[in-house]
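Under the working numbering, the sequence shown has 72 at position 72, and the numbering climbs by one with no breaks.
Derived by calculation from the structure, the hints in this document are not laboratory data.
Where a beta carbon is used, it is the ideal one built from N, C-alpha and C, also for glycine.
One thing to keep in mind: the hints can contain errors.
[As the list claims (entries may be wrong)] For lysine to aspartate or glutamate, the following DMTMM-like pairs were computed, each having C-alpha atoms within a straight-line distance of at most 20 Å:
id	residue 1	residue 2
1	Lys13	Glu30
2	Lys42	Glu28
3	Lys42	Glu60
4	Lys42	Asp17
5	Lys13	Glu28
6	Lys42	Glu30
[To be verified] With beta-carbon atoms standing in for the labels, derived distance ranges:
id	residue 1	residue 2	range
7	Val8	Pro73	17 to 25 Å
8	Ser18	Gly50	12 to 20 Å
9	Ala32	Ser57	16 to 24 Å
10	Gly29	Ser67	27 to 35 Å
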Amino acid sequence: MTMTPNPVDLSHKTALDSFLLKIPGVTEGEMAGLLAYFVGQKMFACICNGGVGIRLSPSEAANLQFSMGNVVPFQPRGRPSTRSGFR
Numbered sequence: 001m002t003m004t005p006n007p008v009d010l011s012h013k014t015a016l017d018s019f020l021l022k023i024p025g026v027t028e029g030e031m032a033g034l035l036a037y038f039v040g041q042k043m044f045a046c047i048c049n050g051g052v053g054i055r056l057s058p059s060e061a062a063n064l065q066f067s068m069g070n071v072v073p074f075q076p077r078g079r080p081s082t083r084s085g086f087r
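Taking the hints into account, I'd like the entire structure generated from these sequences.
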């Protein structure tokens, strides 16, 4: 399912493209209709709900969530994720 990105998501994409796509091996694409970034076939970040989701280990995600007030569990399209993730 492909979604039409909102202007905030497109703004995030422009900013992320400017530095992530300069890193060798990083590519852009879509996963589950979300704008996403990959190394090989593995997604490491995506843009959704006006924010940026980054794949982290559960312990890193918990530490980040408790140390910063603007970090929340990743809930694509308002639904809980089936994997650990924060944005």
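Now the hints, each set against the structure:
no. : hint                         : result
1   : Lys13 with Glu30             : 12 Å, holds
2   : Lys42 with Glu28             : 11 Å, holds
3   : Lys42 with Glu60             : 18 Å, holds
4   : Lys42 with Asp17             : 17 Å, holds
5   : Lys13 with Glu28             : 10 Å, holds
6   : Lys42 with Glu30             : 11 Å, holds
7   : Val8 with Pro73: 17 to 25 Å  : 19 Å, holds
8   : Ser18 with Gly50: 12 to 20 Å : 19 Å, holds
9   : Ala32 with Ser57: 16 to 24 Å : 21 Å, holds
10  : Gly29 with Ser67: 27 to 35 Å : 30 Å, holds
Violated hints for the displayed structure: none, as all numbered hints are satisfied.
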